[in-house]
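Number of protein chains: 2
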Amino acid sequence: MSKNNLYQSLVEKLEEISHLNGVMSTMGWDQEVMMPAGAAQARSKQIATLAGIIHERMTHPSLGECLEMLQEKCNQENAIERCNILEARRQYDLMTRIPKRLVQALAELGSRGQTTWVQARRDNTFDSFAPVIQEFLTLKKEWASCAFPEMQPYDANLDLFERGTTSAEVSVIFDQLKTALIPLIDSIRGHDYQPDTSFLKGYFAIDKQAELARIISKDIGFDFQKGRMDVSVHPFCGGSHPTDVRITTRYTELDFIESLYAAIHETGHALYEQGRMPGYEDLPVSESLTMGIHESQSLFWERMIGQSRVFCAHYFELISKTFPDNFQNKTADSLYQAVNACQPGLIRVEADELTYPLHVILRFEIEKDLFEDKIAVEDLPAVWNEKMVSYLGISPPNDSLGVLQDSHWSAGAFGYFPSYTLGAIYACQFYAAAQKDLGDIESKITAGEFAPIKHWLNEKIHSQGRLYTPRELVLRITGEPLNGMRLIEYLEAKYGELYRLNGKGISA
Amino acid sequence: MSKNNLYQSLVEKLEEISHLNGVMSTMGWDQEVMMPAGAAQARSKQIATLAGIIHERMTHPSLGECLEMLQEKCNQENAIERCNILEARRQYDLMTRIPKRLVQALAELGSRGQTTWVQARRDNTFDSFAPVIQEFLTLKKEWASCAFPEMQPYDANLDLFERGTTSAEVSVIFDQLKTALIPLIDSIRGHDYQPDTSFLKGYFAIDKQAELARIISKDIGFDFQKGRMDVSVHPFCGGSHPTDVRITTRYTELDFIESLYAAIHETGHALYEQGRMPGYEDLPVSESLTMGIHESQSLFWERMIGQSRVFCAHYFELISKTFPDNFQNKTADSLYQAVNACQPGLIRVEADELTYPLHVILRFEIEKDLFEDKIAVEDLPAVWNEKMVSYLGISPPNDSLGVLQDSHWSAGAFGYFPSYTLGAIYACQFYAAAQKDLGDIESKITAGEFAPIKHWLNEKIHSQGRLYTPRELVLRITGEPLNGMRLIEYLEAKYGELYRLNGKGISA
Numbered sequence: 001m002s003k004n005n006l007y008q009s010l011v012e013k014l015e016e017i018s019h020l021n022g023v024m025s026t027m028g029w030d031q032e033v034m035m036p037a038g039a040a041q042a043r044s045k046q047i048a049t050l051a052g053i054i055h056e057r058m059t060h061p062s063l064g065e066c067l068e069m070l071q072e073k074c075n076q077e078n079a080i081e082r083c084n085i086l087e088a089r090r091q092y093d094l095m096t097r098i099p100k101r102l103v104q105a106l107a108e109l110g111s112r113g114q115t116t117w118v119q120a121r122r123d124n125t126f127d128s129f130a131p132v133i134q135e136f137l138t139l140k141k142e143w144a145s146c147a148f149p150e151m152q153p154y155d156a157n158l159d160l161f162e163r164g165t166t167s168a169e170v171s172v173i174f175d176q177l178k179t180a181l182i183p184l185i186d187s188i189r190g191h192d193y194q195p196d197t198s199f200l201k202g203y204f205a206i207d208k209q210a211e212l213a214r215i216i217s218k219d220i221g222f223d224f225q226k227g228r229m230d231v232s233v234h235p236f237c238g239g240s241h242p243t244d245v246r247i248t249t250r251y252t253e254l255d256f257i258e259s260l261y262a263a264i265h266e267t268g269h270a271l272y273e274q275g276r277m278p279g280y281e282d283l284p285v286s287e288s289l290t291m292g293i294h295e296s297q298s299l300f301w302e303r304m305i306g307q308s309r310v311f312c313a314h315y316f317e318l319i320s321k322t323f324p325d326n327f328q329n330k331t332a333d334s335l336y337q338a339v340n341a342c343q344p345g346l347i348r349v350e351a352d353e354l355t356y357p358l359h360v361i362l363r364f365e366i367e368k369d370l371f372e373d374k375i376a377v378e379d380l381p382a383v384w385n386e387k388m389v390s391y392l393g394i395s396p397p398n399d400s401l402g403v404l405q406d407s408h409w410s411a412g413a414f415g416y417f418p419s420y421t422l423g424a425i426y427a428c429q430f431y432a433a434a435q436k437d438l439g440d441i442e443s444k445i446t447a448g449e450f451a452p453i454k455h456w457l458n459e460k461i462h463s464q465g466r467l468y469t470p471r472e473l474v475l476r477i478t479g480e481p482l483n484g485m486r487l488i489e490y491l492e493a494k495y496g497e498l499y500r501l502n503g504k505g506i507s508a
Numbered sequence: 001m002s003k004n005n006l007y008q009s010l011v012e013k014l015e016e017i018s019h020l021n022g023v024m025s026t027m028g029w030d031q032e033v034m035m036p037a038g039a040a041q042a043r044s045k046q047i048a049t050l051a052g053i054i055h056e057r058m059t060h061p062s063l064g065e066c067l068e069m070l071q072e073k074c075n076q077e078n079a080i081e082r083c084n085i086l087e088a089r090r091q092y093d094l095m096t097r098i099p100k101r102l103v104q105a106l107a108e109l110g111s112r113g114q115t116t117w118v119q120a121r122r123d124n125t126f127d128s129f130a131p132v133i134q135e136f137l138t139l140k141k142e143w144a145s146c147a148f149p150e151m152q153p154y155d156a157n158l159d160l161f162e163r164g165t166t167s168a169e170v171s172v173i174f175d176q177l178k179t180a181l182i183p184l185i186d187s188i189r190g191h192d193y194q195p196d197t198s199f200l201k202g203y204f205a206i207d208k209q210a211e212l213a214r215i216i217s218k219d220i221g222f223d224f225q226k227g228r229m230d231v232s233v234h235p236f237c238g239g240s241h242p243t244d245v246r247i248t249t250r251y252t253e254l255d256f257i258e259s260l261y262a263a264i265h266e267t268g269h270a271l272y273e274q275g276r277m278p279g280y281e282d283l284p285v286s287e288s289l290t291m292g293i294h295e296s297q298s299l300f301w302e303r304m305i306g307q308s309r310v311f312c313a314h315y316f317e318l319i320s321k322t323f324p325d326n327f328q329n330k331t332a333d334s335l336y337q338a339v340n341a342c343q344p345g346l347i348r349v350e351a352d353e354l355t356y357p358l359h360v361i362l363r364f365e366i367e368k369d370l371f372e373d374k375i376a377v378e379d380l381p382a383v384w385n386e387k388m389v390s391y392l393g394i395s396p397p398n399d400s401l402g403v404l405q406d407s408h409w410s411a412g413a414f415g416y417f418p419s420y421t422l423g424a425i426y427a428c429q430f431y432a433a434a435q436k437d438l439g440d441i442e443s444k445i446t447a448g449e450f451a452p453i454k455h456w457l458n459e460k461i462h463s464q465g466r467l468y469t470p471r472e473l474v475l476r477i478t479g480e481p482l483n484g485m486r487l488i489e490y491l492e493a494k495y496g497e498l499y500r501l502n503g504k505g506i507s508a
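Same order as they appear, the protein sequences are chains A and B. Quick note: the first sequence, position 424, residue 424 per our numbering, numbers continuous. Quick note: the second sequence, position 342, residue 342 per our numbering, numbers continuous.
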């Protein structure tokens, strides 16, 4: 077979896998958003059968042979072809290196772990969940030794989400953040001034909230011809293809901010997916880069844009017209101050921009110590609570509000948490670069001109797919590598002003 | 391998195919109900890949070998196992007998035919659609000679939907119907009395319609824990499993009757699916029997129950409270008379219970003559229009309202139409049997007690799956074979009274 034919054969195999992954993803969305409760058992069998077929295709010897023959020649290919070959090779190696027994054990534990965790969190019984963590640690270490034998076990797990980033690098950055943010949060907690957030609670009709979320999501660039917005228990961005991107949010009548910012966050993820490299949508080269880069896109819109003073100013009229009773005598600035209120709390997913990194750092440190056998699973609640006190000054009254709050460990997703904060740092760096490239970005936001910003992200990030490593990408776009100081500077400036820490306060 | 192991191996293969069909069905539902418009191209690739995999599994030599070894032993199995083996064998033979070239040609023409038909109907140009029909006739004759070489080509196509029923049998029944119904419709058309239907048109808020449809669907037995009701362009019943049955309807603010009865119709289909043989949901033995039997279940609820005087009486209060402006000075009897008004029209899907069979008979006769080369494709518009005049007394002003109105031929679904009227006959016979078994069925309906009726259908039909042929089933339940006279007697009695044809008229 000629090299061109070989490459074409690879493309066909990869596209077939992509089509099946698109089907799987639609089934996953359906399960969260549409499926009737009684169908759970039947659906899990359907998903298992489909997963088996996808696994079969992804590990098929004919794919391996095809890659083997292309391997020698891949230096001569163009960048896109080279990327497809290398990414496919990487994926194939990763999957074929894991023994079937281990794949099955992880799947079985993931399913059992989820059920056990739900009960343990409900009953506040860490002891019943501890064995799941212990078993996962054993399996995930074994997995690491198969998948990336050259790496430390925790680094291998981290690599699954943040390829090319080591825990040593993350530790340095997270230590910088801790050093800067703990005192900043302390000084805010001790400050006389606290913004009025009371008007953000009240009654907000759900149909009005849904309408508002749709308007703003569309304004910032979500293409409803190539996507949907629905409701699910946990907000997420799914779908089967860049032309079929599906985001969800959830509504409560008591609070519109949470659902609105969830919608903006998921829209950020969705713009990444909708903006993927045209013409290569079913090939690895167009796939999103890492979890951290994906999160940078959601946080770019949710925080850098959505929680900015200019964004609040632009949407104040629409929001106050939507909820006139709640916004009597309020100004755009009251909105800005209220959505940015810093309130150290127990729950990560409810945390504000400033305290969020400490929730992540706590989890990262614990995961790393677990993998390095520096702490035992049974010590987790005590370690968790100590760190909560020393980082955020609060002590969880029980484990359900502490170590049991997240689902990640119940699914064996160790190494996932750091991506949230790496994403926040990338978002900060990208925003600064956009500001530089686009000129006065703030007056664009004030005027509701989001298209140039979206196009900048499309061009610089979304359509670049996997052509560059995250390191190369951030360097190309911002001129410097991943730099935690950028997040620190941004937070110090923003919260310094918000809380009048430098005598530069603004009037409420 | 022992016989038990062999059978177990067959079960696993069949369940895997069923799981994948469940996935395919969910994708189909999603496409009609949820998918954003821009995803059409990506979706068709995903569906094609999945269809290829299902075809691969259904025609896999290992399945054939397994069936071969079980074949000799299948007389010794119990009824359920025997049915699974025979049904799987039949399906396998049917699929492996068709050359791949022909499968592909039919798929290609189906896709092209749909597009061509949409344009031809829009532009009223039969000539542009005629070649599609011609090509389908050629391919479908070839298909018939591969699939069922012992049958006449049209019978083979009919068999695909109404297994075991020949066009000779259908001709006899349809001739009976024509002989009886044409004069009945004539005398109604010529009659002085016509019921008042004007109050069924007006403004009906869609949320009220949707609420009404859900209440009634639930009342008659639809389990929303194992299903959904949504909106699509054409109402249908889909879903992936008896625990995941999804029905749709469509709403217009100008008319609530169409959407309500569409919802009841689809609920009838859904009850069949939700009531399938417990414990065997992923095996052929539990599958619905034929299109005609399926249609008997939708028509049982839509017509035999839903269009009865007692049903109208039971729901009159709810309906008139839902739409108080439209139901001023109306009675349950005005509702009954209006929903049963007989109005010969051009369009099959809008036809009433009495004229509907003639739309079907016309199509059946044309299909049969086409397959037997008694008429040419180019003569279709003329033949169609002549038959419309002689059966229903109306002449289509153009082909879009005539021969081009249905999508069936654009997909090559020749032999499908008779099922609608066979279903109406079965429904009539089943209703009489239920009346006999359950005692006073009308007072149950009057009281809104639908559960005994649903349970009767569950026991007698839904849970019987494919254990019996339609002929055996109808004989077991009703004591006689398929009998067109039962529909004639029912229609003559009902419409005789409604239109006071025998001097027994009721007051309006």
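Calculated directly from the structure, the hints in this document are not laboratory data. A portion of the hints provided could be inaccurate.
Given that identical chains are not distinguished, each listed pair holds provided it fits within a single copy or across any two copies.
[Unchecked claim] Here are the simulated SDA-like cross-link-like pairs (lysine to any residue), alpha carbons at most 25 Å apart as the crow flies:
{"id": "1", "residue 1": "Lys-226", "residue 2": "Arg-250"}
{"id": "2", "residue 1": "Lys-218", "residue 2": "Asn-78"}
{"id": "3", "residue 1": "Lys-178", "residue 2": "Tyr-391"}
{"id": "4", "residue 1": "Lys-218", "residue 2": "Asp-192"}
{"id": "5", "residue 1": "Lys-218", "residue 2": "Lys-454"}
{"id": "6", "residue 1": "Lys-13", "residue 2": "Thr-59"}
{"id": "7", "residue 1": "Lys-45", "residue 2": "Gly-64"}
The hints, checked one at a time:
Within a single copy, Lys-226 and Arg-250 get their C-alpha atoms as close as 21 Å, and across copies as close as 23 Å, so both meet the 25 Å cut-off. In this assembly of identical chains, the alpha carbons of Lys-218 and Asn-78 never lie at most 25 Å apart, being 36 Å within a copy and 60 Å across copies at closest. When the C-alpha separation of Lys-178 and Tyr-391 is checked against a cutoff of 25 Å, the pair qualifies only within one copy, where the shortest distance is 8 Å, while the shortest distance between copies is 85 Å. Neither within a single protomer nor between protomers do Lys-218 and Asp-192 lie at most 25 Å apart by alpha-carbon distance, with minima of 39 Å and 58 Å respectively.
For the identical chains of this complex, Lys-218 and Lys-454 are intra-copy neighbours only, at 12 Å inside a copy versus 46 Å across copies, given an alpha-carbon limit of 25 Å. In this homomeric assembly, Lys-13 and Thr-59 come within 25 Å of each other (Cα to Cα) both inside a single copy, at 11 Å, and across copies, at 21 Å. In the homo-oligomer, the alpha carbons of Lys-45 and Gly-64 lie at most 25 Å apart only across protomers (24 Å), although the nearest pairing inside one protomer, at 28 Å, exceeds that limit.
Violated hints for the displayed structure, listed by number in ascending order: 2 and 4.
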